[in-house]
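For reference, the chains in residue letters:
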Amino acid sequence: MDFYFGLAQLVGVHTLLGLSAYIVLLTGQVSLAQAGFFAVGAYTAGMLTVLAGWHLVPALGIGAIVSAATACAVGFPALRVKGLMLVIATLAFGEAVRLFFFNFDYQIAKGDIKVGPLGGEGFRQIRFFPENGWGTLEVMLFMWVFVLLVMALLWWFDRSRYGTALRAVGEDEVAAQAVGINLTAIKVSAMTVGGAIAGIGGGLYAHYTTHIEHSSFNILVATFALAYPIVGGLQSVFGTLIAVIFVQAFLIEGLRELGDWRNLLFGALIVLAMNLRPNGILDARALAALKRAFTRGRNA
Amino acid sequence: MLDFLQAVSDGVLFGATYALIGIGFTLVFGVMHKLNLAYAAASVGGAYAGLLVLGVMAGAPPWLVFLCAFAAGGVLGYLVYLSCFHFIPLGSPLATLMATVGMLLLIDEVIVHFTNGMPLAYPAMFDDVMLRAGELTLRGDLLLVFGIAVLCMVGLLLLLYRTRLGLATRAVSQQSVAAQLCGIRVGLVNAMTFVITGLLGGIAGALIGASVGALSPLLTTPLTVKGLIVTVIGGLGSIPGAIIAGLLVGGFENVFQLFRGVTERDLYVMLLLFVFLVFRPGGLFESKDDHH
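First to last, the protein sequences are chains D and H. Last residue of the first sequence: 338 in this note's numbering, with the numbers rising by one and none dropped. Last residue of the second sequence: 425 in this note's numbering, with the numbers rising by one and none dropped.
Extracted from the complex, chain H is given alone in its bound form:
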């Protein structure tokens, strides 16, 4: 029983990073009704770019690395927007999908190129701290990961619901034509959505690197798949859904790993997705607007 609770708590804490990735996918889908398959790759890319700080200033504090990853993620997000969404006409959804796949491959290969495919160690904070809550052990670095993720989610929700940009974003996601008629610049809103999700992605990548201890280009594929699973379980277009689903997937994943080992763990995460698709295809929080 204790092992089970420990697995759940570790999983949920790590699941906050999945929640951030899920939010990125779901936000882009909600605003532009397109899928950005390059998102997880851009997050990992942002995390790698964060390591450049260490190259410039050896022995830099980890929070500086995280900050750099945060900023780099935003830049990468804008690049993905420019190359995959800005110029392609809205009537060709397949073209944007393929273009994002192309960017995914490109970012992956650039990472492999510059690191020669070797995994790089990632700085972590508080990794020697162990808190005890009764019989459970809570790793300090995982708690920090969870804390930063929660901060980012709160920041995003504040942005969306308390600022003009957030208002414009919500308007465009509900009715883009009406938003244009109100004078909102849809192109700008779309670009800013990508920058914001890129920022979130950069910090998510950095947090994943910090909790695993190393970054590897092999991280992109499983992260893409898990992020998409989180998005679907939470409901495409719903941010609270993505948050809850992220924690859920993180917890389940760890529990599956406890019972069946690492090699079969991902198979059961897929099965979780299929169960949701069969019983609740819209996700946990089905999106109320249904313009296809």
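One chain only, chain D, in its complex shape:
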């Protein structure tokens, strides 16, 4: 049973990662920097619980705030860069963050051992969960509270004026400006919210794996973050969730018997998915069909 709880934890963290890229993607900004914000949140929350002895919840909060601040700082220069150049710029930013943590040392002695991030070796001993007696089930439920809160928030955004403004900017910036939408405010706020979500995800990730290092936040993670909303479809938050479950649960765990060939299959499957369903698993038509199926009785 613990195995499935562990899988649920993994799905939870990756959903947060995907959702952080989702909200930025809605505004038409393709950002490969989410892994960088994820890393900032992870290291911050880890350092607060391990080095400063804080409880996890305020540590996660500060981690989210620091990630959001970093994202805000990235959001402003990102306004100057259009389209595919933003992909490259955010890719470089993500790599820069990873290289920063590769060179980052900050250790203090606790008892006889030294704890803290140590450059290439990473940040070990993030043992908040084991030290406070949390079992796998409790950790999973704790994580999913955050995931569900974030999903509810994004769902609510989609139903509000803010969400409409986000999508308008994503569709056509000139038309959105013509209607009076403040491009800067929308794009930078979306990036900031995305950073905050990634920060929460990062903090949870650091604590459930207990050991983070620079290579846990590489380009592959950044592309995963982007792949989930694109493969899942940008019409609804559930698309991202379905994509995460599809990729993590089905592909990585379900095809475990295929051993080495799994990784090959992952790339091939993304290529296939993009050729067959260029607008994602849950694209506009699929969503409309689902809605019709569920409201058939009510409208009859």
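Keep in mind the hints are simulated off the structure, nothing from the lab. Glycine included, each C-beta is placed from N, C-alpha and C at the ideal position. Among the hints, erroneous ones may be present.
Computed from the model, here is a short list of chain D residues facing chain H with C-beta under 7 Å [stated by the list, open to error]:
id, residue
1, Met123
2, Ala130
3, Leu191
4, Leu302
Dock chain H against chain D, hints included.
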């Protein structure tokens, strides 16, 4: 001072390979207005395929390996075109981006699979030759790398500006609808662009392997990032920009390595990119046409 000049000269010579990778990215962007993130992986894949020559004929001369890598790169380029660009509708740029990422992962994993992740030694030519220019030492193999890269760039420019295919490619990159109206087969031009950039990529991968001495699947990620940085600094869509930016990045990279060591070197290359993005977002040679 001498160390600095030596670092610059070595870096610029090696930077010619970055220039080739940058040209590949920028050419695809110029013609199709899409980014092919699988390009560096296809180059490394082509270089690996070049090693197959050694498997068939042990002790084959290095230039044969390079030739095989050149050809294999072209084949891989066409495969990337088929799987990521041919069937996906033009209105879904995100889908093509993701598909190229998928191909990047796929090519990486295929390489790891067939080599068990171990780095493979790559043949080099003239690696025992050392030329002296005053106080500077110029490595023979780096000079050859630079020379072959320059030859390829000249060949590409000749192709683009002196042949009908080149004319068609330039036409499609400027106005694809008008080009279609003139009777140019856009699909064919797109496919040929990928084959040409694939050929360039294959030789670039082979040259990188030759100058480093070994090939490893770990090469793809830094090469992708550096190639993209070169493309952005040079200006998306500009070939002379990519060439100059490639040499620039190669030189700067080596200088950073001299002053701050290998672990921090890449961080400063990123900073170079950010400086360019802040002061000159269009790149060195901003593209005059701006249809988005």
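Going back to the hint list, which numbers does this structure go against? Violated hint: only 3; rest satisfied.
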